[in-house]
Amino acid sequence: MKVVGLSGSKVGSKTRTAMDATLKELKENYPETEVTLIDLAEYDVQFSDGRNYWEYEGDTKYVTETIMDAEAIIIGTPIFQASIPATLKNIFDLLPERAFEGKIVSIIVTAGTSKHYLIAEQQLKPILSYMKAQIVQSYVFIEEKDFYRKEIINDDVIFRIQRLVEDTVVLTETFAKIREVKEAEYGF
Amino acid sequence: MGMEKYRIDPSKGLEFGIYTLGDHLANPYTGKRISPQQRLQEIIEIAKLAEQAGVDFISVGESHQEYFTTQAHSVVLAAIAQATEKIKIGSSSTIISTSDPVRVYEDFATIDLISNGRAEIIAGRASRVGLFELLGYDLRDYEELFEEKFELLLEINENEVVNWNGQFRAPLKNAKVLPRPKEGSMPIWRAVGGTPASAIKAGYQGVPMALAMLGGPASYFKQSIDAYRDALTRRGLDPTDFPVATTGFFYTAETTQQALSEYYPHINEGMKRTNGRGFAKQLFAQGADQRSIMNVGSPQQVIEKILYQHEQFGHQRYMAQMDFGGVPFDRIKRNIDIIGTEILPAIKKYTAIVEGGKE
Numbered sequence: 001m002k003v004v005g006l007s008g009s010k011v012g013s014k015t016r017t018a019m020d021a022t023l024k025e026l027k028e029n030y031p032e033t034e035v036t037l038i039d040l041a042e043y044d045v046q047f048s049d050g051r052n053y054w055e056y057e058g059d060t061k062y063v064t065e066t067i068m069d070a071e072a073i074i075i076g077t078p079i080f081q082a083s084i085p086a087t088l089k090n091i092f093d094l095l096p097e098r099a100f101e102g103k104i105v106s107i108i109v110t111a112g113t114s115k116h117y118l119i120a121e122q123q124l125k126p127i128l129s130y131m132k133a134q135i136v137q138s139y140v141f142i143e144e145k146d147f148y149r150k151e152i153i154n155d156d157v158i159f160r161i162q163r164l165v166e167d168t169v170v171l172t173e174t175f176a177k178i179r180e181v182k183e184a185e186y187g188f
Numbered sequence: 001m002g003m004e005k006y007r008i009d010p011s012k013g014l015e016f017g018i019y020t021l022g023d024h025l026a027n028p029y030t031g032k033r034i035s036p037q038q039r040l041q042e043i044i045e046i047a048k049l050a051e052q053a054g055v056d057f058i059s060v061g062e063s064h065q066e067y068f069t070t071q072a073h074s075v076v077l078a079a080i081a082q083a084t085e086k087i088k089i090g091s092s093s094t095i096i097s098t099s100d101p102v103r104v105y106e107d108f109a110t111i112d113l114i115s116n117g118r119a120e121i122i123a124g125r126a127s128r129v130g131l132f133e134l135l136g137y138d139l140r141d142y143e144e145l146f147e148e149k150f151e152l153l154l155e156i157n158e159n160e161v162v163n164w165n166g167q168f169r170a171p172l173k174n175a176k177v178l179p180r181p182k183e184g185s186m187p188i189w190r191a192v193g194g195t196p197a198s199a200i201k202a203g204y205q206g207v208p209m210a211l212a213m214l215g216g217p218a219s220y221f222k223q224s225i226d227a228y229r230d231a232l233t234r235r236g237l238d239p240t241d242f243p244v245a246t247t248g249f250f251y252t253a254e255t256t257q258q259a260l261s262e263y264y265p266h267i268n269e270g271m272k273r274t275n276g277r278g279f280a281k282q283l284f285a286q287g288a289d290q291r292s293i294m295n296v297g298s299p300q301q302v303i304e305k306i307l308y309q310h311e312q313f314g315h316q317r318y319m320a321q322m323d324f325g326g327v328p329f330d331r332i333k334r335n336i337d338i339i340g341t342e343i344l345p346a347i348k349k350y351t352a353i354v355e356g357g358k359e
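Which chain is which? The protein sequence lines are L and A, in order.
Here the UniProt record's numbering is used: the first sequence runs in plain steps of one and ends on residue 188.
Here the UniProt record's numbering is used: the second sequence runs in plain steps of one and ends on residue 359.
Everything labelled a hint here was simulated from the structure, so no lab data went into it.
Here are the simulated DSSO-like cross-link-like pairs (lysine-lysine), alpha carbons at most 27 Å apart as the crow flies: (1) L:K182 x A:K281; (2) A:K222 x A:K201; (3) A:K281 x L:K132; (4) L:K177 x A:K281.
Because the structure is a prediction, the values reported are computed rather than measured.
Just chain L, with the same shape it has in the complex:
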């Protein structure tokens, strides 16, 4: 199973810290998964200009192709100006309309205030649904106060991350099985 962790911002450290903790859980509990972290802070991705994603070069091509090649994607995002960061939206804009068809997508949100809790529900999920993702409905919402010096200090958050990882893996395996059975029925 190929899982990509997508850290969606170039700013700050909370989302990356949360992604590191998540992928650590994933690797420890599901060692057979192939895990790739894409931290958008480390890549120079250009803005979508309408090309097909594989027609870009360099980082843009690498990032989009790696995402398209994954069976599951764990998106980590901060909340900027009451919305998702432009860096993350640009990834969606670079991909085709039904890019997440047959893929499982789960969400981790970091935010400065609890007032941002529903942003993922109202702004990120509709995009993922439009792109045909199978969304892990419960997301992990982590606040400023849960971090200290680039560590998660609230154990309750780790507990929720563990559940998110488990849900992501179980759903991915389940959908793979459903597809297998369904495709076998076609007989070709």
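Place chain A on chain L using the hints.
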């Protein structure tokens, strides 16, 4: 006026065409890819076989990137013109946006003369955009490049002497674009990607439309065709003067199951290479349903589907793509055989208008 201008006689029934994008892909069953030379020669051979089978139209497209081999599609069409005698010849499509309309017209008028009046142009704006960079165009001009150059192409077709000014080409002053086609002008179609928004533009322009249909229900594409004819009417034109062509995947074998099973790996693997991702098996399996526009199935199934589409669309030409994704030549040949012996006779029988009789 009717459709004579576009060399279409609706009373003879639905025209059947074969088109290729000139893709150059490995056969997924063997993992092997034939040489570009062999692929080009086989395309010319397909045209000859199609003509023998009674197919009305053959066309070749241009895609300027890896996994394609007919970048110089007009050269291939000239070879087809020489190798055949009666089949109509066209492009599917000519990317007018990144070409000089004068040169395109010179090429196709020449093909028209070589072929004794059989050439047509289907002009499109490219679904793969590799050629913009290769040929030195800015993708940001995608729309305007097409509209301006397509209009110039139409103008050259209508007028022997052209006076023209535009953004993307040097002005033409009392320019004669020569040679002229056999009848003075030739059919020029606008390639449309499927959505009603795009079809409407062809209607407002008052040109015949070639509609690409990759997958989905016929009812969806009917909306585009209806929108096209509405737009023609709004422009004060008569839709019965303007032919509509549809294009899509085609594959036939003894049984529908065999057709699906043989063709699927070609489509799936081929799409991965050229469109970035495979073709969903579910969507392909639904292709066997009468409502799907993909004409894959037993000869009888395909006949029923094409007739159903004709009933829905009232189109004048159907163009079949059966060589995508490295289909081996003997299978293409078998498809053309079945078209000639079973499918064409049935389609003509049910769509031609018999003099003094009923349809």
